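Peer 1: Single-letter residue listing:
There are 2 protein chains.
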Amino acid sequence: MKTATIVGAGLVGSLWAVYLSKAGYQVSIFERRSDIRKADISAGKSINLALSYRGWKALKGAGVDDAVKEIALPIKGRAMHDKESNLSYQPYGQEGQFIYSVARGGLNVKLLTIAENTENVSLHFNEQCTGADLENGLIYLENALTGKKTEHKSDVVFACDGAFSAIRYNSMQKQSRFNYSQEYIEDGYRELLLPANEDGSYKIDKNYLHIWPRGRFMLMALPNEDGSFTCTLFMPYAIFDTLKTKADVDAFFRKTFPDFYNIMPDLADYWDDFPLSSLAIIRCYPWAIGKVALMGDSAHATVPFYGQGMNAGFEDCTVLHDLMLKHNENWEKVFEEYKVTRKPDGDGLQDLSKHNYLVMRDYVGDPQFLLQKKFEHRIQELYPEKYLPLYSMVTFSHIRYSEAWNLGMAQEEKIKALMTKHNVKEHFESSSIDALIHELVETNQL
Amino acid sequence: MKTATIVGAGLVGSLWAVYLSKAGYQVSIFERRSDIRKADISAGKSINLALSYRGWKALKGAGVDDAVKEIALPIKGRAMHDKESNLSYQPYGQEGQFIYSVARGGLNVKLLTIAENTENVSLHFNEQCTGADLENGLIYLENALTGKKTEHKSDVVFACDGAFSAIRYNSMQKQSRFNYSQEYIEDGYRELLLPANEDGSYKIDKNYLHIWPRGRFMLMALPNEDGSFTCTLFMPYAIFDTLKTKADVDAFFRKTFPDFYNIMPDLADYWDDFPLSSLAIIRCYPWAIGKVALMGDSAHATVPFYGQGMNAGFEDCTVLHDLMLKHNENWEKVFEEYKVTRKPDGDGLQDLSKHNYLVMRDYVGDPQFLLQKKFEHRIQELYPEKYLPLYSMVTFSHIRYSEAWNLGMAQEEKIKALMTKHNVKEHFESSSIDALIHELVETNQL
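Chains A and B, in that order, are what the protein sequence lines are. According to our numbering, the residues represented by the first sequence are 1 to 446, in order. According to our numbering, the residues represented by the second sequence are 1 to 446, in order.
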């Protein structure tokens with residue numbers, strides 16, 4: 001029987017196991033942690049993720065999309081909270097286009113259970129991978145509880161073991177000509193849980209991703225199923241360092257996020273519930289050596305500002321599955337094409353994520369930026385077949401990340417030039433914006 | 001007594017041991033390899049390095065420059081060999097300005113012996129450092145011969161253990177917010193030893209660094225003390241891959257480097273004497289954590305195209321020594337300033353090295369480039385106090401690398417613009433070049 005090893009029972013590893021099992025592989029998953037389904041984690045409380053088109057496509061390809069839909073909350077746009085507690089809204093896409101908020105823990109449990117119930121998938125927990133013989137598809141393991149060292153060999157190996165992948169670190173990075181970089185951004189983040197009202201209802205509108213943009217930093221909130229919101233404050237370490245006491249935290253929120261403070265006045269009591277965490281961008285190459293391929297965060301861990309980290313990892317499954325079919329499971333050919341064709345999209349993902357970090361941080365509250373979004377949105381409504389904003393390419397399409405990045409940057413320049421040339425604001429005010437857009441399209445300026 | 005640990009008995013480690021010993025430290029050096037003085041290596045035959053001002057200053061600071069001068073050969077410029085076997089010469093600097101060719105092995109032996117004979121320095125070979133407790137100045141060791149594991153603690157620790165530093169890899173890289181990148185260039189290199197004539201004389205002029213630039217690749221040769229030259233072919237892996245047999249190698253050299261082929265017609269027999277090796281640029285930050293600092297290649301390994309790798313490592317000694325005096329051996333303050341102020345120069349070094357890779361590869365044989373060098377050289381001769389070419393800033397000055405890079409790039413633009421504006425070639429031909437330069441200076445264009 002054909003055999004495959006997956007290192008890491010996280011989101012990508014669990015999903016990829018379902019794909020491989022359906023293709024007739026005997027799949028062994030090795031995970032260094034204990035079974036998250038038995039561990040005492042408050043699944044759904046900490047960290048949630050935004051599922052968009054790429055993620056759904058990959059889930060559908062494995063036939064697990066319906067199961068995931070049960071735990072996903074649709075989000076139709078951004079709700080911006082300014083310093084005077086005014087709210088403004090931006091839809092993410094066109095009518096009916098949503099992103100979905102899912103809890104990492106809940107999603108992982110769901111995918112893991114599906115994988116376990118699929119034929120020929122075996123799960124092995126507390127098994128730390130300490131390295132690999134890449135050419136022979138052999139991995140080395142050490143049991144975290146017993147200390148017992150074992151080996152496991154199979155036809156192919158997939159490292160789905162996250163941003164600090166043991167396989168990449170112990171077996172690839174020391175190889176000559178393996179390029180690698182880990183780049184931490186200046187900001188860290190800290191989470192806060194905004195609880196539901198006593199009757200279980202949401203404290204703020206659950207149909208939106210809420211943002212409190214404040215120039216150099218921002219607070220974000222995504223709804224959970226239970227009426228709570230997971231809130232994340234992204235901020236330079238230097239500013240976090242100034243919040244030394246509960247009183248500092250209290251004063252900072254009261255002044256900086258007054259409407260948030262009003263709904264959670266005791267937030268300072270919960271400040272230490274989650275640790276201050278760092279954010280890194282990881283790039284490497286090649287993504288496959290011998291019989292071992294990197295997938296998901298082990299290949300391209302990113303910062304969370306485009307909500308594409310998980311989606312990109314899931315899309316790796318789509319890409320590898322397509323190549324597996326194309327090359328009739330000749331893994332040498334599959335990996336050869338995977339590493340050459342998928343890498344630019346990993347880089348595109350990083351460029352997009354870094355770009356959106358700046359957009360969300362510096363521009364999301366900027367009137368000129370909001371006007372541009374409104375302009376783009378109207379162009380798209382009038383000429384959906386002619387105009388796709390960058391955000392839609394990334395979130396609501398399957399255009400390659402590398403292509404989206406290049407198209408998006410070119411489009412951005414064009415739109416900005418048109419806004420400089422024409423007084424778009426006045427056109428909106430005098431309701432002549434549609435006429436302007438029609439004219440721009442007719443004269444091939446759009 | 002004050003104690004210091006140095007990991008790595010290479011060039012930087014040996015030199016730094018002399019500095020610390022003179023400052024009254026009890027210094028323990030741990031080296032994973034055996035004693036190179038007892039090993040069977042043909043010191044001086046493989047890899048030679050170019051010592052320039054920064055290196056000499058650091059050697060002088062430790063009082064070891066005279067000893068090194070005994071094994072260093074002065075090189076006054078570049079000798080370019082074109083495809084038709086024509087030769088042209090470029091001086092490196094002004095009259096009396098040389099770089100010095102030294103063999104890595106011979107220099108290492110010399111420095112190691114000096115360090116060993118300095119008071120309170122102990123050398124420990126075959127001791128592999130497996131990691132460190134950075135905050136406590138503790139390193140973990142494993143003896144390569146006996147397998148015995150030990151620890152060693154001291155007031156301060158210096159990781160001089162090279163591009164693939166064990167301390168950096170095992171103890172720093174996994175720390176949150178440690179930035180790291182290793183970037184391999186497309187080219188590899190292979191060495192060849194051009195032997196001396198039977199009477200011990202040199203086959204080509206020993207006063208020059210010889211270059212055979214061929215656009216996408218190049219051959220270089222630096223003299224050794226014994227009449228031989230160490231020759232290095234830098235070339236894309238893809239081209240190396242085409243040279244499969246002795247006959248391929250023979251035909252390639254005969255066609256591409258005819259004059260070299262003439263003096264070493266049996267070179268194909270020696271093709272496999274040295275391995276095909278890769279070239280990487282390593283950047284990381286911070287260079288000091290707790291009681292441990294990175295120095296030399298462990299902090300900023302680079303490609304060899306500016307001949308500054310060793311010089312930069314030696315300059316780290318100068319910088320750290322100055323800071324040690326400035327902060328009265330308060331290492332916390334020393335490291336704090338070292339990591340902030342020296343890092344930009346590590347980046348400057350990388351920018352310079354990458355730039356010169358392109359210059360040597362693509363431009364050194366280009367008539368327009370040669371004209372520019374000649375123009376710059378003449379400007380410098382006439383106005384030495386007003387004009388310092390980039391190469392001189394890097395090689396014959398102590399201007400910080402970061403500053404040299406910035407000044408150099410600005411100057412490059414200016415010179416190119418002047419060459420576009422004035423027909424410099426004609427001015428050379430009609431001997432009016434000096435008049436032009438005087439005029440440019442008088443009108444503040446230079």
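These are computed hints drawn from the structure, not numbers from a lab. Fair warning: there could be bad hints in the mix.
Since the list gives no way to pick one copy over another, a pair counts as held whenever it fits inside one copy or between any two copies.
Within a straight-line C-alpha distance of at most 30 Å, the following computed DSSO-like cross-link-like pairs (lysine-lysine) qualify [what the hints assert, rightly or not]:
{"no.": "1", "residue 1": "Lys174", "residue 2": "Lys38"}
{"no.": "2", "residue 1": "Lys244", "residue 2": "Lys339"}
{"no.": "3", "residue 1": "Lys373", "residue 2": "Lys76"}
{"no.": "4", "residue 1": "Lys38", "residue 2": "Lys354"}
{"no.": "5", "residue 1": "Lys373", "residue 2": "Lys333"}
{"no.": "6", "residue 1": "Lys416", "residue 2": "Lys148"}
{"no.": "7", "residue 1": "Lys425", "residue 2": "Lys57"}
{"no.": "8", "residue 1": "Lys246", "residue 2": "Lys206"}
Given the structure is predicted, the values throughout are model-derived calculations rather than measurements.
Peer 1: All the hints need checking, so say for each whether the structure fits it.
Peer 2: Going through the hints against the structure:
In this assembly of identical chains, Lys174 and Lys38 lie within 30 Å of each other by CA distance solely across copies; the values are 28 Å between and 36 Å within a copy. Only between protomers do Lys244 and Lys339 lie at most 30 Å apart by alpha-carbon distance; the minimum there is 26 Å, versus 46 Å within a single protomer. Taking the shortest alpha-carbon separations for Lys373 and Lys76, only the intra-copy value of 15 Å comes in at or below 30 Å, while the best inter-copy value is 62 Å. With identical chains, the CA atoms of Lys38 and Lys354 are never at most 30 Å apart, being 36 Å at best within one copy and 52 Å at best between copies.
For the homomeric pair Lys373 and Lys333, neither the shortest alpha-carbon distance inside one copy (43 Å) nor that between copies (49 Å) is at most 30 Å. For the homomeric pair Lys416 and Lys148, neither the shortest alpha-carbon distance inside one copy (61 Å) nor that between copies (66 Å) is at most 30 Å. In the homo-oligomer, the alpha carbons of Lys425 and Lys57 never lie at most 30 Å apart, since the shortest distance is 38 Å inside one protomer and 63 Å across protomers. Taking the closest pair of Cα atoms, Lys246 and Lys206 come within 30 Å of each other only inside a single copy of the chain (28 Å); across copies the shortest separation is 72 Å, beyond that limit.
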